[in-house]
Structures are given as C-alpha cells and as structure tokens.
Amino acid sequence: MKNEKETSLDPISEEKFTSEVLIEIKNLKKSFGRLEVLKDISLKLHNGENLVVLGKSGSGKSVLIKCIVRLLNPDSGTINLLGKKINIVKGKELSEIRKKIGFLFQSGALYDSMTVKQNLEFPLVRIKRDMKEEEINNKIKEVLENVGLADVLEKMPSELSGGMRKRISLARSIILDPVIMLYDEPTTGLDPVTSDEISELINTVQKKYKTSSIIITHDIACVRITADRIIMMHEGYIYAEGTLDEFEASDDPLIMSFFK
Amino acid sequence: MKKLKIINLKKAQSLATARSIKLSEDTLDQKERANTFLTEVGDLALFIKQIIKETFSRNFEFKEFLRQCYEIGNKSLPLIVITGTIMGLVLTIQSRPAMAKFGAVTMLPGMVAVSLIREIGPIITALICAGKIGSGMGAELGSMKVTEQIDAMEVSATNPIRYLVVTRVLAATLMLPILVLFADAFGFLGSWIGVNIKGDVSLVLYIFQAFGSITFLDFFPALIKTFLFGAVIGIVGCYKGFTAGRGTESVGKAANAAVVLSSLLIIIVDMIAVQITDMWL
Chain A
1 MKNEKETSLD PISEEKFTSE VLIEIKNLKK SFGRLEVLKD ISLKLHNGEN
51 LVVLGKSGSG KSVLIKCIVR LLNPDSGTIN LLGKKINIVK GKELSEIRKK
101 IGFLFQSGAL YDSMTVKQNL EFPLVRIKRD MKEEEINNKI KEVLENVGLA
151 DVLEKMPSEL SGGMRKRISL ARSIILDPVI MLYDEPTTGL DPVTSDEISE
201 LINTVQKKYK TSSIIITHDI ACVRITADRI IMMHEGYIYA EGTLDEFEAS
251 DDPLIMSFFK
Chain B
1 MKKLKIINLK KAQSLATARS IKLSEDTLDQ KERANTFLTE VGDLALFIKQ
51 IIKETFSRNF EFKEFLRQCY EIGNKSLPLI VITGTIMGLV LTIQSRPAMA
101 KFGAVTMLPG MVAVSLIREI GPIITALICA GKIGSGMGAE LGSMKVTEQI
151 DAMEVSATNP IRYLVVTRVL AATLMLPILV LFADAFGFLG SWIGVNIKGD
201 VSLVLYIFQA FGSITFLDFF PALIKTFLFG AVIGIVGCYK GFTAGRGTES
251 VGKAANAAVV LSSLLIIIVD MIAVQITDMW L
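For the protein sequence lines, the chains are A and B, in the order given. Just so you know, we're using this note's numbering here: the first sequence kicks off at 1 and counts up by one. Just so you know, we're using this note's numbering here: the second sequence kicks off at 1 and counts up by one.
Think of the hints as simulated: they come from the structure by calculation, not from any bench. All C-beta atoms in this analysis are idealised placements derived from N, C-alpha and C, irrespective of residue type, glycine included. All the pointers check out, no bait thrown in.
Computed list of lysine to aspartate or glutamate pairs in EDC-like fashion (alpha-carbon distance at most 16 Å, straight line): (1) A:K141 with A:E154; (2) A:K56 with A:E235; (3) A:K90 with B:E154; (4) A:K92 with B:E54; (5) A:K100 with B:E154; (6) A:K99 with B:E154; (7) A:K92 with B:E154.
Some chain A residues judged to face chain B by a derived CB distance under 10 Å, without partners named: (8) R70; (9) S95; (10) E96; (11) I97; (12) R98; (13) S107; (14) L110; (15) R126; (16) I127; (17) L176.
Full structure from sequences and hints, please.
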C-alpha cells in the first residue's frame, strides 16, 4: 500500500526549482527505547522548493526534522545536508552547517529572560563577531520589517501575542541568512487568520532570502499556501509523495481524511 | 489419564514458561534499573567533562558570568545574612549553659568562632544555597529545555553548555565562599548579641577573643571545601535542568532532584573534606 502510494503519486514538478539537492535522507531509522518512530525514511529537498511533510500527530514528523539538524541522533541511515553527512560531522563542522540552517520551533522557543532585541542579536553577536553595533541594529531592523513587526524591540516575549512570538522567532531564524529553513508546525496554536499570515510569511521569506524549506505541519490551510511538494508520513513510513493537486485528487481514505 | 497428563504437562509447561517470562522480565527490569543508574553516572561524568572543556575554550561568556554572579551572590545575600546571624545567636544561647557548667563561659566566643568557621558556616550556607540556587538552576534550565530554548540555542550554533552551564557553575563556585564569609561574619555578630543577653562584652573584645582561637588551619580547609560545595550546587543544578524530560511536570522534578542530590553530595563532600583535613592537617 505504502509503495503503491509512493509510485501512484508522481513526485516533484521540477520546473519550479533547480535539481540541486540540498538535503538527501536515506533509510533513516530512529527509535526511543522499544518505540520505533522513524522506520524507513528517504527523501530529498531540492534547491528553492517548499517541501511540506504532512502527517498525524505522533507520525514522527518532528523527530525527522530534529534528526536533520542533529538535535537527535538517528539510529541508522544517512542525512546528507549541503554536501556533508550531518550524522557523522562533529564540533566546528557541525556548527558551520547549523549556521546555514534556520529553525522555527513549534513553541517559538524565544529566550524568555531576554528582550526581543536581545533575542534577535543573540545569534548575530556570537556568530558574526566582526559585525559592528550599527550593522547589528540595521540587520535587526531589516528582519523585523520582513516579518511585519516594529516597535517591539524592548518588549519581553511574555508581553507578545502568539502570532507576534512566531514572527519574532521567524525573524531570529532568518537573521543569519540561512540557506535552508526548517519549520516545525509553524501555525500550531494560532487562529486561522494569523495562521494564514504566517504561511504567507513563509513564502515571503522563501522569495526574499531564496531559502529552501521543509515545513512540518498537519494544517491543510498552511499546506495549500506553502507546498511545492508534499510528503505524507504515517506510522514512521513515508505513505505518499506528490504535489498538492495530486493529493487533493487522491481517493485514498487516509489522504482524504486530511484534504476533505 | 493420558490426556490429563498431557493437560498437566501443558499446564506445567505454561507455568514454567510464565515463570521464565516473569524471571526474565524481572532480570530485565533489574538490568534496566542498573543501566539507568549507571547511565546517569556516566552522563554526569560526560557533562562535567564538557563543562571543563568549555571552561577553557575561547569566547568565554563573561557578561553572562557577571550576571550570574549577581544573581547568585547578591540575591542570596539577605537570606545568608539573616541565617548567619540567627545561627550565631542560637549556637551561643544553646552552648552557654553547658560552658557555664565547666566555668568556661569566657571561652564561648572562641568555641562559637571555631564551630562557625570550620563547619556550621560552610555547611549551612551550602545547604541553603542548594535550596535557593540549585533549585533555581534546575527549574530555569528545565523550563528552557521543555520550551525548546536550549535546542534553539544549539541549532543557532551557540554552545548551550558554554553559555548556560559554564557561567552558572563558575559563578556558584566563586560566589559560595564569599557568601560563607558573610554568613561567618554575621554569625559572629549574632553570637556577640547572644553573649550580651546574659553578659556584658564589647564587640572589640568579643572579636579579639573569637579570632584569638582561630588558626589558619581552621580557616583554610573550610574555605577550600566551600569552592567544592559551590561547584557541586552549580553542576548538579545545571545537570538536572539540562536532562529534564519534555513535560512541564519534569521542571518541578528537575528542581526537586537538583536540591536533593546537591544536598546529599554536599554532605558527602563535607565528610571527605573533614577526613582529609583530619589526616593531613
């Protein structure tokens, strides 16, 4: 069934983006104790595309994205990220790769003991140590404008709404000009209007910063706005792969349960 | 009869299988429990190794270190001052009748000074700090873990051990001896008040009598062990916070475990320090 689905939905309309592969995952497996979360995952992210990974809660989506940045170590399989095998690199080499990746966490993960400005300058002052204060301030202003926020610099994260927190978190993720953006459920916990705004913002970031993205979600509105290609995960496997149109036309009960 | 035998045999077989399953499950549980303990010891050792490595690495987070010194030192000071004063006062009032029996009331300042400097000042301060600082570190870092802030730091290529742990451990290690000095000083003050409840001794005379009884060998080993107490509080508090689980419940557990383990380790370190002092000095 899984293999049938994978072959029945024709993958990737290649014209929208280049064939250069930025992330290539082969036969990825990850277990927690006796619980197998990722059973056999293989996928590719092409340059310039928005790849949506769709699936029910507990299907292993967040584990997958955390394996990609080595927040979790996979049990087996390979993850080739920007030409490096991320599951074997260490120390400085790992840091160098991580500098090229932006990660938007489900909770936003803003440092709650710091102001918005301190949150935004945190990665800059530690990674781009030669930057002058004026350049840092300009960069902060630029990213805040890009996410549609201003005049919040001195506020604490606890003073911001859910949508604003997501925007600031996104601003912090793009402040180092990443090549790849990873979004972990970017619209979870937001109202439909704000969710759509964040989804539009993902597209805006993709165009302005020329990023390639993996978007983990189960929000179909977000999928419709952002997806160039969709991968559906189910019980630790890739269940189906294709474009939005192909998914919407599918008569498979599991796929229909998401797209009805 | 034959059939019954077979049933009995089957029953015996199933019982034996059940027992063997139970035994293997018990063995597995014991093995897992042992593994958990050994794993934790191993993890803690690796954690300490990482702290040592990052302490001597480039790009030390000096600003954050100073902030932690302020948080740990300055904000704990009122509590330590009050506790120290009361400690000295109570020790004097409680010891006075016993000293009076031997006609040794004049030795009260010296006895209290030696007790405070050698043992009571360091251990009480360390246990209070384990409660205040250790639980704070466990809860703060545990909360950062639960809300993915530590992951966010790691993903943005900033070493969370260097930024969060090294600064806290060093600040606790350096601030605890200073807090102990304050506790001792205010303990003397409390003791002087205690002496004056039933007597009349000037502060200058009291201090002269107290310091006359203290030698360098009373002071130095006590000072060294306070550095160790500080390091224990910092390391255990950060370790418990860093290894907190994913739910909000684990934040409370991390804070609690930080206090319990650091208090226990402080007492063990104290016992070892006293033995070493007794053997060599």
